[in-house]
Amino acid sequence: MTAVLESSGLGKRYRRRWALADCTLTIPAGHVVGLVGPNGAGKTTLLHLATGLLAPTAGTIEVLGGEPASSAAQLAKVGFVAQDTPTYAGLSVADHLRLGAHLNPGWDHGLARRRIERLGLDPGQRAGKLSGGQRAQLALTLAIAKRPELLLLDEPIASLDPLARRDFLGILMETTAEQEVSVVMSSHLVADLERICDYLIVLVDSRVRLAGQVDELLATHHRLTGPRRDPGTLPAGWQVVEESHTDRQSTLLIRAGTPVHDPGWAVDPVGLEDLVLGYMSQAASGAPARRPEMEAQR
Amino acid sequence: MIWLTWRQFRTPAWVAATALAAAAILLAVTGLHLAHLYDTSGIGTCHGHGDCGQLASNFLTQVAASNLYHTIYLLGIAGLYVAPAIIGIFWGAPLVTREIENGTLRLAWNQSVTRTRWIAVKLSLVGLLAMATGGLLSLMVTWSDSPIDRAAAMATGPGPALLSRITPVLFGARGIAPIGYAAFAFALGVTAGVLIRRTVPAMAATLAVFITVQIAWPMLVRPHLIAPVRSITAFDAGSIIGLSMQNGGQMTVLTAVSKPGAWVLTNQVVDAAGHPFTGPAPQACTTNSFPVCADALARLHLRQVVTYEPASRYWPLQGYETGIFVALALVLAAFCYWRIRRRLS
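Protein chains in written order, with our numbering: chain C, 2 to 299; chain R, 55 to 399.
Derived by calculation from the structure, the hints in this document are not laboratory data. Keep in mind that the hints are not guaranteed to be accurate.
Simulated coverage check for chain R against chain C, where a stretch passes if three residues somewhere in it have a Cβ under 8 Å from a Cβ of chain C [said to hold, decoys possible]:
1) 138-146
2) 165-175
Pair ranges (Cβ atoms, derived) [as the list claims (entries may be wrong)]:
3) C:G125 with R:W68: 12 to 22 Å
4) C:S160 with R:L128: 30 to 40 Å
5) R:H87 with C:P106: 40 to 50 Å
Interface residues of chain C toward chain R, partial, derived using beta-carbon atoms under 7 Å [said to hold, decoys possible]:
6) Y15
7) W19
8) A83
9) S93
10) L100
11) E217
Glycine included, C-beta positions come from ideal geometry on N, C-alpha and C.
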């Protein structure tokens, strides 16, 4: 399997602030990738770098083996649904499909029309009059019907109500099942990603904290509870993600390549949400001064 | 891309077309009336009689007496200065900024069309429409007011002093120059938008720069497009139209220029050494008799130096000016192209 996204030392600076720093990543093809992190962690910046909307300040990024947005052929391979799912308010739904047909050589008109019909959207309706959920679906339809190899979604469901959210994810899951398409979707809500993602990237304070297949991440992380111990005495292969101690007890979230057999610890499996929160709080306590104060520029 | 550009630009294009159509109807009616008045004024056959100047003045007096013609004449001039500014503000400035503000740039730039193609199509399509709009409006006004302009170039008799089409105010409101202004204003608007990235400030900047250029250009640049003609003639006391004297014996003399249809840039009375004449005033001028004073001035070997652009240079000047503004527009467009290729987001 080749990589859909490969970056090395990738960074983007806005004046003095690094929105993304030293990001080295390889995302293999054929996955639905969840890109999680708190607001301002650099998710949008990473996706904008991948679409070529932004140029890197440092390092390199290749998407599907090419420089982002370097040619029409490269653009045709990547579908993008931007944050807040922008559409042309003055153009009708049908106009948007026409736009897609005119601007994308690989446009699948039948697919687009079927989706719009199934969504119950009136083709004559102006996009500005659509609800947030409908607009998100329209933007997703545009991105899917160009038949991309990689679909990038920037918090597409953050502003949707639960029902619209479920519909959106449903369509997305269907698409990944029907088409050979890899997906990278950012969110700060782990619960949403848990349902559809099989690959996870945790981005905190503009750095990649964790990246890997969900199964593997869940298999190698454990929550340990046991009598209080000095962290220095733990086995060398353990990587402590999060720890908390009371007078008598220690609770650890660790990453370990091998199963834990020490009978002194009560070992519990870790859910995806706890895992992500563990990495996020690690960053928050480890570098309290670098709390980003604003969402990356759009 | 052409489809999307047209779809987005459809409404402004219709607004412009409607405005042009309304102007066309109005100008056709008044233009035909003016042409009729001109034909019946006898100017057309005056060359046999040699009274063209008087007939032209009569015609202009007749036109000026009608509030309607007078107003439409002035509106035509104003319209041709305002139209490019409107094009720059409402077509140029929002072209890119509106997409930035609505976030639709992120939609447009992720279709299978490179951003350079995106901006190239937008710039050329809307730019050409801007030039067509400026050109059509100028064509209509130039045709409609052509009897007035022709008469103004000939008039010698008493009557309203109307401008020649080569003089600053009229020059930019006739001929092909408005095509250049429209192209320039549009490109200026887009450039302001690309640099400032917000619609309203970009509009304001476009207007400010465009007005500055429109004012500074005729004063600072246009006279140098073709080196003006310098005519030196013996001072003719009969052409004095003004005298002023100060107590210290200083004196300035103002003389009339007879260069029909020309754009007079400077008009000076100089002394025998070639310096501008500032006195001392002849003794005769301290009396109150003008003919005596004029006689005394005539004996001072003064000369009248006039620099001017003759009427025959109207089209060469129009050509240069249009070419330069179109070239400026192309430079600005190239800048926008380069800037967007270097990733504006």
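Go through the numbered hints given earlier and state which of them the structure violates, listing their numbers in rising order. Hints 1, 4, 5, 6, 7, 9 and 11 contradicted; others consistent.
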